[in-house]
Amino acid sequence: MNKLAMGILLALAASGAQAANEKIINFIQCGSKASPGIEENISAFNQANPGYKVVLEVVGWDQCEQKVTTLASAGNAPALAQVGSRTLSRFYQNDLIVPVPLSAAEKSSYYPAVLDTVHYEGEYLGLPVALSTRALFWNKALFKQAGLNPEQPPKTWQELLDDSRIIKEKTGAAGFGLTGKAFSSTTHSFLLWLYSNGGAVRDGDKVVFNSPQAVETLEWYQKILPYAEPGPVAYDAEALRPLFHQGKVAMFMSGSWERGQFPAGLEWGVAPLPYGPHGKPSNLLVTDSLAIFKGTGVEDKAIAFAKFITTPDRQLAYEKGYGFTPVRPDHGPKQLVAEDASWKPFIDGVALGKAEPLFYDPEQFQQTINTAIQQVLLNQATPEQAVKTAAQALEQNGK
Numbered sequence: 032m033n034k035l036a037m038g039i040l041l042a043l044a045a046s047g048a049q050a051a052n053e054k055i056i057n058f059i060q061c062g063s064k065a066s067p068g069i070e071e072n073i074s075a076f077n078q079a080n081p082g083y084k085v086v087l088e089v090v091g092w093d094q095c096e097q098k099v100t101t102l103a104s105a106g107n108a109p110a111l112a113q114v115g116s117r118t119l120s121r122f123y124q125n126d127l128i129v130p131v132p133l134s135a136a137e138k139s140s141y142y143p144a145v146l147d148t149v150h151y152e153g154e155y156l157g158l159p160v161a162l163s164t165r166a167l168f169w170n171k172a173l174f175k176q177a178g179l180n181p182e183q184p185p186k187t188w189q190e191l192l193d194d195s196r197i198i199k200e201k202t203g204a205a206g207f208g209l210t211g212k213a214f215s216s217t218t219h220s221f222l223l224w225l226y227s228n229g230g231a232v233r234d235g236d237k238v239v240f241n242s243p244q245a246v247e248t249l250e251w252y253q254k255i256l257p258y259a260e261p262g263p264v265a266y267d268a269e270a271l272r273p274l275f276h277q278g279k280v281a282m283f284m285s286g287s288w289e290r291g292q293f294p295a296g297l298e299w300g301v302a303p304l305p306y307g308p309h310g311k312p313s314n315l316l317v318t319d320s321l322a323i324f325k326g327t328g329v330e331d332k333a334i335a336f337a338k339f340i341t342t343p344d345r346q347l348a349y350e351k352g353y354g355f356t357p358v359r360p361d362h363g364p365k366q367l368v369a370e371d372a373s374w375k376p377f378i379d380g381v382a383l384g385k386a387e388p389l390f391y392d393p394e395q396f397q398q399t400i401n402t403a404i405q406q407v408l409l410n411q412a413t414p415e416q417a418v419k420t421a422a423q424a425l426e427q428n429g430k
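In the working numbering, the protein residues as written are 32 to 430.
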């Protein structure tokens with residue numbers, strides 16, 4: 032065997048031995064395809080960290096969280112995964128994830144309320160990676176048809192109620208799209224109303240849901256119901272979208288991703304969310320986060336990788352690729368608003384917003400809130416009764 036052939040064989044053997052000794056960092060990302068730039072980021076991280084190899088698996092949004100939960104519960108968790116931040120407390124209490132240490136500089140780079148979405152029992156349980164805020168979309172053509180100023184959206188609940196009534200009477204279209212289906216967007220919409228009326232679900236570890244503000248919020252559902260689409264218990268936010276596109280609903284609340292989905296010719300505007308009689312402008316912060324799972328043997332490197340792909344420039348590229356609201360106040364917001372003014376209510380909403388509350392069982396929390404809403408919409412309970420029953424269930428879930 033000549034020297035060249037021997038050299039090639041030795042190089043191949045060394046390469047194979049190196050590959051065999053590599054520690055795998057399995058990473059599950061949610062989406063229909065790999066996020067923009069993630070494969071390049073993985074390649075760069077792998078090159079900078081010899082002996083480790085990040086392996087990406089992309090799982091559809093509708094199955095992602097369930098797959099991660101199933102793998103973790105079976106003791107076969109990935110090193111890190113994208114999950115809804117509402118699930119972090121349960122993973123943590125079941126000893127399935129490790130906290131993510133953050134320096135003072137790292138913490139100060141985020142909006143404080145964004146970090147609140149992953150803060151539990153004094154620890155940060157993940158790195159926020161996908162943030163959504165909400166705003167009010169309105170159909171300017173329907174406003175004009177109803178004799179309303181098409182450039183003046185409602186700022187308060189009362190103005191929204193008045194505009195919805197006029198639109199319903201003058202055009203026949205529903206004034207407002209109301210979510211009542213047993214789905215996460217229904218819970219999120221309720222929290223938006225509750226927060227904008229000065230209410231809360233928790234104050235620290237204490238459940239404070241049984242309040243006049245919560246009762247008043249469900250009374251608001253009763254007031255807007257006559258001017259909403261028929262049968263709102265059949266609608267979540269996604270189901271309202273085509274009604275808005277078709278001019279059958281004049282206003283609805285949703286996230287920044289809606290802006291790129293409107294049909295040509297639709298005259299629309301977007302504005303801050305209306306606030307209630309005992310509240311002020313507010314918003315709801317919902318995040319997905321990168322969680323680091325316990326027992327994989329590569330926890331420290333998984334944390335390092337999570338921080339690597341969420342550095343300000345890389346995080347902004349991810350946000351722009353999906354249309355998510357930026358998680359950092361000094362990296363992205365001004366640029367996005369300068370490029371497209373319709374970003375403004377979503378970005379302004381971050382500083383005004385509150386985190387989605389963390390409960391041990393997030394599905395039970397969602398079911399509790401949605402049941403209260405449906406009971407009121409279907410006239411099966413008064414707002415007072417529905418709030419009292421829900422508060423009792425939330426107190427049990429919070430223990």
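Watch out, some of these pointers could steer you wrong.
[Stated by the list, open to error] List time: in silico BS3-like cross-link candidates among lysine-lysine, alpha-carbon distance up to 25 angstroms: (1) Lys351 / Lys375; (2) Lys311 / Lys351; (3) Lys98 / Lys338; (4) Lys54 / Lys385; (5) Lys54 / Lys237; (6) Lys186 / Lys365; (7) Lys138 / Lys325; (8) Lys201 / Lys171.
Hint data in this document are derived by calculation from the structure and do not stem from the laboratory.
A quick look at each hint next to the structure:
Simply put, Lys351 and Lys375 have alpha-carbon atoms about 15 angstroms apart, close enough for the 25 angstroms limit, and the pair holds. For the given pair, Lys311 sits about 29 angstroms from Lys351 by alpha-carbon distance, which is inconsistent with the 25 angstroms threshold. For the hint pairing Lys98 with Lys338, the CA-to-CA distance comes to about 23 angstroms; that is within 25 angstroms, so the pair holds. Between the alpha carbons of Lys54 and Lys385 the distance comes to roughly 39 angstroms, so the proposed pair goes past 25 angstroms and is violated.
With a CA separation close to 43 angstroms, the supplied pair Lys54 and Lys237 exceeds the 25 angstroms bound. For the proposed pair Lys186 and Lys365, the alpha carbon gap of about 24 angstroms is at most 25 angstroms, so the pair holds. The suggested pairing of Lys138 with Lys325 holds, with an alpha-carbon distance near 23 angstroms, which does not exceed 25 angstroms. The hinted pair formed by Lys201 and Lys171 meets the criterion: a straight-line CA distance of about 14 angstroms does not exceed 25 angstroms.
Of the numbered hints listed earlier, those contradicted by the structure are 2, 4 and 5.
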